[in-house]
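**Student:** Next come the chains, spelled out residue by residue.
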Amino acid sequence: MSIISKNKFSKSALGLTALIASLGSDAAMAAEQINIYSYRQPFLMQPIIDQFEADTGIIVNSIYANKGLVEKVKAAKGKDIADLILTVDIGRLIGAVDAGLAAEINSDILTANIPAEFRDPDGKWFGITSRSRVVYASKERVAQNNITYEELADPKWRGKICIRSGQHAYNLALFASMIAHHGEAEAQKWLEGLKANLAHSPKGNDRAQAKSIYNGECDLAIANTYYMGKMQTNEKNPEQKDWAQAIKVIFPNAQGEGLAGRGAHMNLSGVMVVKGAKNKANAVKFIEYLSNDKAQALYAEANFEYPVKVDVEVSELVQSWGALKADKLPLATIAAHRKRASELVDIVKFDD
Amino acid sequence: MWLLPAVFMAFFLIAPILTIFNLAFYPEENIWPHLYNTVLGGYIYDTLILIIGVGSTTLLIGVSTAWLVTMYEFPGRKIASRLLLLPLAMPSYIIAYCYVEIFDYSSIIQTTVRDIGGFELARDYWFFEIRSMGGAIFVLSIVLYPYVYLTSRAAFLQQNTSMLEAARMLGHSAHSTFFKIALPMARPAIFVGLTLALMESLNDVGAVEFFGVNTLTVGIYSTWLGRGNMGGGAQIALILLGFIFLLIVAEKWARRGASYSHTTRRIRPITPEKLQNWPAFWAVIICYLPIILGFVLPVIQLVSDSIEFVDDTDYVAFIGYAQNSLMLSGAAAGLAVGIGLFLSYSERIFNVKLVGWIAKLASVGYAIPGVILGLGIFISLIAFDDVFGTMLEFFGVANASSEMWLSGSIFAIIFAYLVRFLAVSYGAIETGFGKIPTSYDHAAQSLGHNKTSILGKIHLPLIRPALATALILTFIDSMKELPATLILRPFNFDTLATHVYEIASLEIFEEAAISALLIVVIGLIPVHILNHMMKVPTWRDGR
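In the order they appear, the protein sequences are chains G and A.
If you count the first sequence from 1, position 170 lands on 169 in numbering that gives the first Met the number 0, and the numbers rise without skipping.
If you count the second sequence from 1, position 367 lands on 366 in numbering that gives the first Met the number 0, and the numbers rise without skipping.
Note that these hints are calculated values from the structure, not bench results.
These numbers come from a predicted model, not from an experiment.
Hints may contain errors.
[As the list claims (entries may be wrong)] Sample of chain A residues at the chain G side, in silico, Cβ under 8 Å:
#1 A121
#2 W125
#3 I381
#4 S401
[Unchecked claim] Here are the simulated EDC-like cross-link-like pairs (lysine to aspartate or glutamate), alpha carbons at most 16 Å apart as the crow flies:
#5 G:K76 / A:E501
#6 G:K73 / A:D385
#7 G:K66 / A:E501
#8 G:K78 / A:D385
#9 G:K235 / A:D440
#10 G:K155 / G:E191
#11 G:K73 / A:E27
#12 G:K284 / G:E52
#13 G:K78 / A:E392
#14 A:K456 / A:D440
Virtual Cβ for every residue (Gly too), placed ideally from N, Cα, C.
Between the sequences and the hints, there should be enough to build the whole structure, so can you do that?
**Tutor:** If you want it as structure tokens, here you go:
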């Protein structure tokens, strides 16, 4: 290639990039802003983001996806891609921290608002809300009001349990907690027992499992707490109210001593600041905002989650399901067993 | 003048795929002992069953309907010949949702079954489970058969009627004329459509995951995105590419040694044979059933789901999403056709196998799952940005190397569509070229035309229908694409497809029904144009 054509190339490339820059990232030129990558759904973030923008004047740019965001930040190799990542589970959050993507944050507000068990001691991740993975049981066909996770492998439930894919992050966290409490061999046996009790191979989302109880395919389902609230209050699709009507929420391992009474498995939605973030100060402001009374109350009321800030009330609807006794297993421990949990799911052919 | 850019361009297009290849050499840990001992067999089994199922079903529907509407006259034939393309506008993740609703416990169908049988609970009676392998094969086939229909119809329309008549005169039945003459003649074209349908099912995640079918693609997702083993995921992707490679080899084999261009120009248009009574009845059923199942029923479901939400929809915002969708798909379709034309023409005039093979290799992008291809593209564009940014810094632009010049722009999405759908345009254009006898080239050459003017004066007019098909198919495919768009889009940028995702992110599809319907409706415009193109008499009709 001659020198002339090389110059021509770089000129047209410059023109192209200028054009692209004007198309794609004009937002990046405004003064005060943050760029968010979010696994958390837009419907939930938008009200809080709107409020934040109004209160602070900081502009929030966001990208929502349910897959691949952490991988994308990792692949950007330190380029200016996003300031913070919001996730819906602890596994992905700590996964991103372990990949070296997180910045350390020191904030007195965050230390005051978020209890120590819901944040990283080094300030690399923070929990925003927590939720429990509980048992939905048929009001009609299940008499008992107490249950343990261990009991779900009991042959008396043969053909009666419904669950979504074992590889889903919510299930992996639950299975990881079983590994942490019982060791790998026991956990595998339990998983095999659970698999044997399934009414059909895992499919659909948490809500679909609730529906399966309603229509009589199964008697028990494993699902996150807040879906119950979502179904109970679904005015647009009242059919879901019927599903919820057929169900009672049982918080597993609520009674007894030792492991049997350890409490229900908890997971959290959380956030981390990306290392090298250009708008780090604003990103921290945003996290602080998420931890304040207003935002925490919104999460509690609008999404039926448990706020991490201790003095923010749990919504009445959530309280109506019964008292939560939470498993105190550190979230970092759960995250540490996540990979093995995923392998066990393959080993017992849970999703087949 | 042609060859070097062709090779260069082909390499540019396979860069993302090579990136994924490269990743496979650096897995975070060796996953094979684990996969081999556990789920690998299941992944491969499910993948094989899926493509065999979808392959045979799309062939059956696509070829039989194409033959009927081309060769016979029956009530509603003309309309059927157009409507048969409609399911093209339906994204697989939307049709999967529709069918779950249609056959659901609370659906009219099951409620009726319960009322008649006096049942109450789902466990009281047997009803087929749509969320299964069978269901996945059904929903994928019913939206993918138009690829086969389109290519086989084009082939049947252009077939040599005098050969068919000769066969009939020599005593062959209509039946054996079809199997002995028409089908073998149309084989290369049919195979192009089939390959597209199969690649589309191989990369599908939406429908397949929803139905609990564990294909290799699902395996890539759980290894790469679930377990954070990028290299391991890339390695499974290589097995998937192996499947594609087999398809490509099979396609070459299907065309082996045969030149399917006509040697005579004396071809008259087909006079369809009139069907009456039962044969006419069956022809109507065969041609309208796919339309009802692949379009009418799902649209009714979407409309009934939409009604509740008509008032809450922000229609002004929709215009913006639709503009973005049109702009991206238009740019991608234009580029895909331009590049497809360039590559196939280079292959033709130089008869260089290399270009053909690189183009083929590039077209495996079609079968790579969207998120994975998106990440592959992102990684290669980041590499470009590194070089480009460093260059700019050298010229005094501060911090240029930390900017995401291309990787953060909509160029990344267009590039993704291009890599993804080149197979479609290249396939269509290559088939178009295949029908032009090389004697035309020689004749033009001997009359003093050079390679560029042969293309402009001879080839382009002749392959116009193929170009239009390529343009419209890539456009529709780009409109429907979701996973790569989702991951590659810049901040605050939405298309119709990503908007459906955002509303449906609650895992309740009902609220997304309006947007889904809009994707389908906008998809109808190019389908309509495509119909129009097919109606146009072919170039052979005495022009």
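**Student:** Hint by hint, note whether the structure agrees.
**Tutor:** Consistency of the hints with the structure:
1. At about 4 Å, the closest approach between the beta carbon of A121 (chain A) and any beta carbon in chain G falls short of 8 Å, and the interface hint on this residue holds.
2. Interface hint status for W125 (chain A): violated, as the beta-carbon distance to the closest one in chain G is roughly 12 Å, over 8 Å.
3. The closest approach between the C-beta of I381 (chain A) and any C-beta of chain G is roughly 6 Å, which is under the 8 Å cut-off, so the hint is satisfied.
4. A distance limit of 8 Å between C-beta atoms decides the matter here; for S401 (chain A) the minimum to chain G is near 5 Å, and the interface restraint holds.
5. A threshold of 16 Å between alpha carbons decides the hint, and for K76 (chain G) with E501 (chain A) the separation of about 27 Å lies outside it, so the pair is violated.
6. This hinted pair checks out: K73 (chain G) and D385 (chain A) have alpha carbons roughly 15 Å apart, not beyond 16 Å.
7. Straight-line distance between C-alpha atoms of K66 (chain G) and E501 (chain A) comes to about 13 Å, which keeps the hinted pair within the 16 Å bound.
8. With a CA separation close to 9 Å, the supplied pair K78 (chain G) and D385 (chain A) stays within the 16 Å bound.
9. Using a Cα cut-off of 16 Å, the hinted pair K235 (chain G) and D440 (chain A) is violated, with the two alpha carbons roughly 64 Å apart.
10. Between the alpha carbons of K155 (chain G) and E191 (chain G) the distance comes to roughly 14 Å, so the proposed pair stays at or under 16 Å and holds.
11. With a C-alpha separation of about 14 Å, the suggested pair K73 (chain G) and E27 (chain A) falls inside the 16 Å cut-off, and the hint holds.
12. For the hint pairing K284 (chain G) with E52 (chain G), the CA-to-CA distance comes to about 11 Å; that is within 16 Å, so the pair holds.
13. Taking the CA atoms of K78 (chain G) and E392 (chain A), the gap is near 15 Å; set against the 16 Å cutoff, the hint holds.
14. With a CA separation close to 11 Å, the supplied pair K456 (chain A) and D440 (chain A) stays within the 16 Å bound.
Violation of the numbered hints given earlier is confined to hints 2, 5, 9; the remaining hints are satisfied by the structure.
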